[in-house]
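Once you have looked at the hints, place chain B on chain A.
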Amino acid sequence: MKKKPFFALIFLFISISALFLISYKLENSVVGNQEILNEIDKLLLPVYNQNVTESSFLKLQKLTEGDAYASDEVSEIIVLANEKEYSHIGHSLGFLYEYVQTGKIPICPGHSLSHYYVFSKHGETDLAIGNLESAKENFGAWKSGVKKDSNYDANFNLIDSLFKRVESGNLTASDDEIDVLAELPCA
Amino acid sequence: MQNKKGQVVIIAVVVIALIAAGFFFFGSLGNSYSNVVSIDGGNSAENSENTRIINVDAQKFEYSPSVIKIKKGEHVKIVINNIDFNHGMVIPSLELSGVDSIEFTADEAGTFEFRCPTPCGNGHRDMVGTLIIEE
Numbered sequence: 001m002k003k004k005p006f007f008a009l010i011f012l013f014i015s016i017s018a019l020f021l022i023s024y025k026l027e028n029s030v031v032g033n034q035e036i037l038n039e040i041d042k043l044l045l046p047v048y049n050q051n052v053t054e055s056s057f058l059k060l061q062k063l064t065e066g067d068a069y070a071s072d073e074v075s076e077i078i079v080l081a082n083e084k085e086y087s088h089i090g091h092s093l094g095f096l097y098e099y100v101q102t103g104k105i106p107i108c109p110g111h112s113l114s115h116y117y118v119f120s121k122h123g124e125t126d127l128a129i130g131n132l133e134s135a136k137e138n139f140g141a142w143k144s145g146v147k148k149d150s151n152y153d154a155n156f157n158l159i160d161s162l163f164k165r166v167e168s169g170n171l172t173a174s175d176d177e178i179d180v181l182a183e184l185p186c187a
Numbered sequence: 001m002q003n004k005k006g007q008v009v010i011i012a013v014v015v016i017a018l019i020a021a022g023f024f025f026f027g028s029l030g031n032s033y034s035n036v037v038s039i040d041g042g043n044s045a046e047n048s049e050n051t052r053i054i055n056v057d058a059q060k061f062e063y064s065p066s067v068i069k070i071k072k073g074e075h076v077k078i079v080i081n082n083i084d085f086n087h088g089m090v091i092p093s094l095e096l097s098g099v100d101s102i103e104f105t106a107d108e109a110g111t112f113e114f115r116c117p118t119p120c121g122n123g124h125r126d127m128v129g130t131l132i133i134e135e
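Quick mapping for you: the protein sequence lines, in order, are chains A and B.
Going by the numbering used here, the first sequence opens with residue 1, and the numbers climb by one from there.
Going by the numbering used here, the second sequence opens with residue 1, and the numbers climb by one from there.
No lab work stands behind these hints, which were simulated from the structure alone.
Each hint should be verified, as a subset may be incorrect.
As the list claims (entries may be wrong) - Below, computed lysine to any residue pairings styled on SDA-like, alpha-carbon distance capped at 25 angstroms:
1. B/LYS77 - A/GLU35
2. A/LYS42 - B/GLY73
3. A/LYS42 - B/PHE112
4. A/LYS42 - B/VAL79
5. B/LYS77 - A/PRO46
6. A/LYS104 - B/ASN81
7. B/LYS77 - A/ILE159
8. A/LYS42 - B/ASN55
9. A/LYS147 - B/ARG52
10. A/LYS143 - B/VAL79
11. B/LYS77 - A/GLU39
12. B/LYS60 - A/GLU35
13. B/LYS60 - B/LEU96
14. B/LYS77 - A/TYR99
To be verified - A few chain A residues that don't get close to chain B, going by computed Cβ distances all over 12 angstroms:
15. LEU58
16. GLN61
17. GLY140
18. LYS143
19. SER161
20. LYS164
Fair warning: this is a prediction, and the values are worked out from it, not measured in the lab.
Glycine residues also receive a C-beta, built at the ideal position from the N, C-alpha and C atoms.
The shape of chain A in the complex, shown without the other chains (with noise of 0.2 angstroms):
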């Protein structure tokens, strides 16, 4: 009988703490962190401006922390602005502006590819590997998800092509095509 109020004591205790971590989670989410986005808009102009360097990205690196998708964007991000690669940091805040509005990781394996191209022309090997993968195993996932316009069989003969020929022992591509790959849609 006297045990009642130790019991009832102990499940006060757990739900309350439950309670503290699941709202101090939803606080500290990246998805629907209004503070990531509003960081994200600021960062387009000087990006637009080609005036960043990895210093413009050390508070999106603080609030992207904890979250894998969102802080691998960040790191990819930093190489890129310290390799003065632009365009494709726009590209890249852009998903992950996506991403933390919707908390859907979008399937990019155009996205994906450029990225290899540009991580191995700089020499960052494991970037540009993991791109690679990435962009291999998205691959059938975007052929079925992806919208089927118009461009749609170029988009895939030019991925499905850049494969082949990665495999083939080809390792290069052109401006053009990397420019193209990575302004492809995502699914």
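This is chain B only, laid out in the frame that chain A set:
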């Protein structure tokens, strides 16, 4: 009897604590949700009577409308409907940028160019519009 009274007190404390925690929890949830709603220019506090909302469609390679006219002194929120890509918008002369929206007070009269900041294809450089702030 004493024991029963003690149990009632503890149950009462548990219920009160849960209600308090519930208020705390749902209060936080409410704040998070209102943040998300304000992203798309929905019924947020920002859409007060003093803010003029202007909706602009953005798709390869144009803004529609491509000419926006406002009055000096107006507080404006340009809501960008990104149709095929996260184009966003920059107004370099006014040092403004945003993916989904740009909000500002038109302090200065003049004609200002707005552009797509995110390379989006061969017509990207032509994705331009004009903001006219009239006296």
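Next on the checklist: For each hint given before, does the structure comply? Return the numbers of the non-compliant ones in rising order.
Outcome noted: 7, 9, 10, 12
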